[in-house]
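Given chain A, put chain B in place with the hints provided.
Residue numbers (our numbering), protein chains in the order written: chain A, 1 to 438; chain B, 1 to 438.
It is possible that some hints are incorrect.
For identical chains, the list gives no copy identity; a pair is met inside one copy or between any two copies.
[Claimed, not checked] Here are the computed lysine to any residue pairs in the SDA-like style, where the Cα-Cα straight-line distance is at most 25 Å:
| id | residue 1 | residue 2 |
| --- | --- | --- |
| 1 | 97 | 87 |
| 2 | 52 | 421 |
| 3 | 278 | 262 |
| 4 | 123 | 3 |
Worth flagging that the hints you see were computed from the coordinates, not collected in a lab.
Protein chains: 2
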Amino acid sequence: MRLSRYFLPILKETPGEAQVVSHQLMLRAGMIRQTAAGIYAFLPLGLRVLAKIEGIVREEMDRAGAIEVLMPTIQSADLWRQSGRYEAYGPEMLRIKDRHDREMLFSPTAEELFTVIFQNGAKSYRDLPRNLYQIQWKFRDEVRPRFGLMRGREFLMKDAYSFDLDFAAAKHSYNRMFIAYMRTFARMGLDAIPMQADTGPIGGDLSHEFIVLAPTGESDVFYDEAWLAARDTSAVDADDADALEHSISGLNTDYAATDEKRDLAAEAAAGDRLKTSKGIEVGQVFYFGDKYTKAMGVTVQGSDGQPVTPLMGSYGIGVSRLLGAIIEARHDASGIVWPDAVAPFKVALINLRVDDAACLAACEGLYAELTANGVEVLYDDRDERGGPKFATADLIGLPWQLVVGPKGIANGVVELKRRATGEKTELPMADAVARLLA
Amino acid sequence: MRLSRYFLPILKETPGEAQVVSHQLMLRAGMIRQTAAGIYAFLPLGLRVLAKIEGIVREEMDRAGAIEVLMPTIQSADLWRQSGRYEAYGPEMLRIKDRHDREMLFSPTAEELFTVIFQNGAKSYRDLPRNLYQIQWKFRDEVRPRFGLMRGREFLMKDAYSFDLDFAAAKHSYNRMFIAYMRTFARMGLDAIPMQADTGPIGGDLSHEFIVLAPTGESDVFYDEAWLAARDTSAVDADDADALEHSISGLNTDYAATDEKRDLAAEAAAGDRLKTSKGIEVGQVFYFGDKYTKAMGVTVQGSDGQPVTPLMGSYGIGVSRLLGAIIEARHDASGIVWPDAVAPFKVALINLRVDDAACLAACEGLYAELTANGVEVLYDDRDERGGPKFATADLIGLPWQLVVGPKGIANGVVELKRRATGEKTELPMADAVARLLA
Numbered sequence: 001m002r003l004s005r006y007f008l009p010i011l012k013e014t015p016g017e018a019q020v021v022s023h024q025l026m027l028r029a030g031m032i033r034q035t036a037a038g039i040y041a042f043l044p045l046g047l048r049v050l051a052k053i054e055g056i057v058r059e060e061m062d063r064a065g066a067i068e069v070l071m072p073t074i075q076s077a078d079l080w081r082q083s084g085r086y087e088a089y090g091p092e093m094l095r096i097k098d099r100h101d102r103e104m105l106f107s108p109t110a111e112e113l114f115t116v117i118f119q120n121g122a123k124s125y126r127d128l129p130r131n132l133y134q135i136q137w138k139f140r141d142e143v144r145p146r147f148g149l150m151r152g153r154e155f156l157m158k159d160a161y162s163f164d165l166d167f168a169a170a171k172h173s174y175n176r177m178f179i180a181y182m183r184t185f186a187r188m189g190l191d192a193i194p195m196q197a198d199t200g201p202i203g204g205d206l207s208h209e210f211i212v213l214a215p216t217g218e219s220d221v222f223y224d225e226a227w228l229a230a231r232d233t234s235a236v237d238a239d240d241a242d243a244l245e246h247s248i249s250g251l252n253t254d255y256a257a258t259d260e261k262r263d264l265a266a267e268a269a270a271g272d273r274l275k276t277s278k279g280i281e282v283g284q285v286f287y288f289g290d291k292y293t294k295a296m297g298v299t300v301q302g303s304d305g306q307p308v309t310p311l312m313g314s315y316g317i318g319v320s321r322l323l324g325a326i327i328e329a330r331h332d333a334s335g336i337v338w339p340d341a342v343a344p345f346k347v348a349l350i351n352l353r354v355d356d357a358a359c360l361a362a363c364e365g366l367y368a369e370l371t372a373n374g375v376e377v378l379y380d381d382r383d384e385r386g387g388p389k390f391a392t393a394d395l396i397g398l399p400w401q402l403v404v405g406p407k408g409i410a411n412g413v414v415e416l417k418r419r420a421t422g423e424k425t426e427l428p429m430a431d432a433v434a435r436l437l438a
Numbered sequence: 001m002r003l004s005r006y007f008l009p010i011l012k013e014t015p016g017e018a019q020v021v022s023h024q025l026m027l028r029a030g031m032i033r034q035t036a037a038g039i040y041a042f043l044p045l046g047l048r049v050l051a052k053i054e055g056i057v058r059e060e061m062d063r064a065g066a067i068e069v070l071m072p073t074i075q076s077a078d079l080w081r082q083s084g085r086y087e088a089y090g091p092e093m094l095r096i097k098d099r100h101d102r103e104m105l106f107s108p109t110a111e112e113l114f115t116v117i118f119q120n121g122a123k124s125y126r127d128l129p130r131n132l133y134q135i136q137w138k139f140r141d142e143v144r145p146r147f148g149l150m151r152g153r154e155f156l157m158k159d160a161y162s163f164d165l166d167f168a169a170a171k172h173s174y175n176r177m178f179i180a181y182m183r184t185f186a187r188m189g190l191d192a193i194p195m196q197a198d199t200g201p202i203g204g205d206l207s208h209e210f211i212v213l214a215p216t217g218e219s220d221v222f223y224d225e226a227w228l229a230a231r232d233t234s235a236v237d238a239d240d241a242d243a244l245e246h247s248i249s250g251l252n253t254d255y256a257a258t259d260e261k262r263d264l265a266a267e268a269a270a271g272d273r274l275k276t277s278k279g280i281e282v283g284q285v286f287y288f289g290d291k292y293t294k295a296m297g298v299t300v301q302g303s304d305g306q307p308v309t310p311l312m313g314s315y316g317i318g319v320s321r322l323l324g325a326i327i328e329a330r331h332d333a334s335g336i337v338w339p340d341a342v343a344p345f346k347v348a349l350i351n352l353r354v355d356d357a358a359c360l361a362a363c364e365g366l367y368a369e370l371t372a373n374g375v376e377v378l379y380d381d382r383d384e385r386g387g388p389k390f391a392t393a394d395l396i397g398l399p400w401q402l403v404v405g406p407k408g409i410a411n412g413v414v415e416l417k418r419r420a421t422g423e424k425t426e427l428p429m430a431d432a433v434a435r436l437l438a
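In isolation and in its complexed conformation, chain A is listed as follows (with noise of 0.2 Å):
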């Protein structure tokens, strides 16, 4: 993409309204706008990034064998009055009349969907287990939206839905959904802790939430230091129930507890290694069992003929909310440092003279090159001094910067730059080509 083309609003003050490093990362980068309280636009830049990260959710979903589905956002009032959420559901609903006056809502949460959709397709004990998921946006209607889009209105969300015969079977998807999150955090280059989580009324200890470090989280945390270690858990078979649930109790031992699930006990064996932080959400995982099932009448016939009332558990993720987070856990004072996977491109070519024949000729041959195997190249071939360029090619921090100047051109070579290390290396052009395609 040739930025001269593109549509990158860059702002060069950091905006009064924004709190937050990561909400004034994301205005400054030209990678969001508000338009109402809470409410976002996606500006080009901002929306290659949750296009990455929702490409990771959903082959991390697909890996573990979750089936992708698509709910409307706007349902009826009816169905959740089925399972009596309509009225217990507080003001964070948005609550609509269409023109016909029929209650409606925008969906905070498909719970209710998602059991009547299982039900219209499985009729029995064969059609289990199963786990349908969506990337669906949301709307919870903050009384006082902030921090960008960690706690915004509209909002995109993965929620996953399983449904199994039996306990252990429910807890073998559950362990699924588990290390699939470790998975997928991973590769967004977070480590996100899962943490024993309140499972209020129903109660039982299958709840996690996965929660990212950050002083400008939201909720208390408290864990063993031994959890910043980063885990491998590539080679952990998920389709082998016995050794999926030995992996995630290794995983478990060391402590890490929301604020409401503390165990002073627990904290106390800890000792020094015991940390207290401020964290963001960006995950949770929970077994509810019938909750649903039972309260809409869902059954599928048992392999004795038998009625069974499927369990269920339910597994969300912040897909926009980890543009936040994400930013939160990697910038600098000049910007943000995307990790690889989630960059927006991987390269930023800059132009230094783009009135100089040479760096010109140079630079257009690099872009066709690096484009025409895949890389992904933001081209800054604007009449612009190096200065900006740096400015903006640091903050918006694209993982490389490959820099064309008429010195370099004359003694045949670029530059390279890292931008999380800031590591700058001249080599020849083809050597940074094939560094860049390695």
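Okay, now just chain B, sitting in the frame of chain A:
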């Protein structure tokens, strides 16, 4: 994907609620389910087709130089007051009050928001031309939703908005979208005829609707039968304004118009070649000049330092409606006949005897090999007889059926059937794989 683990609720009976064949077939093939009047859930098979259509639209928009963004679905009424449309828009607009009693709405279209976002990022004549687009859910509260996805209330739309400095440039932007639409619909296997359409109070002749001929369409259309011969637009150079204008003029010499724009003299001239039909509108391109930029006070600095009011066009494609339109155009008595480019899977792999070790081994081998080579396979591994398996494969309309039975396997052959023609070929397994990989 193994059918035994998929979610494909096939209906044996044609549902009484569905009046048109595309709606009937989408319900029967387990692609969609209605969740409220005119509101649908996409089941896995339907979502795959939707994603294919979306992918083609995105590729052709990107190729035409449009830049993708994403606007929120919920917008502020204040924004629409700036253009004067809030009161003027009819009861199709879903009006909402949030918890603070602020007037909001579910976007039925997005001229206002794109205009504001454009102004936020574009300050000078150097920032034009630009064409920004999104693929996002819209809501129009139809008084009588019907025909499934073809006239639903919540629907997926691609909407693009171009911004230019003068009429010549705006016409070129219009032409770029025009040719992109020709290519988009051709790739989906559709004959979509561009027809002069009503421009309403704005006037002028720069509006075309792209219409798929179908007896179930809602518009009356009149056209020269010469339009039924395919037009090859693949070689048109869209960067060259004159060449592009010339190509489009050449395409449009034959008469075609919607009811509101009939030209009786042109119809008389067409003589016997004049045909009339019902049609389904799948896209529209529309030039409206400074209607919104003027009302909303949007300017950029011209090359002479004076303010210039940008001229706009808007360009819509009914992404979810296209599912219906394609099925209306491509089906037979047994079910859907997907064009290759939008098929949910390329191949139905049918095991006629899951209890036969040789059949099972052959199928597992074929499934692994095709999948590893990137071929999308729906593998019917259910414990069912051949009859229902063939009926399902015909109904869901995948382009190829690869049939594995004990008799063939004993002779080292499988059967490959082309859904569109019914042509069947017996051939060695390796040859079948080679043909599917070609």
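Enumerated hints in conflict with the structure, sorted upward
none
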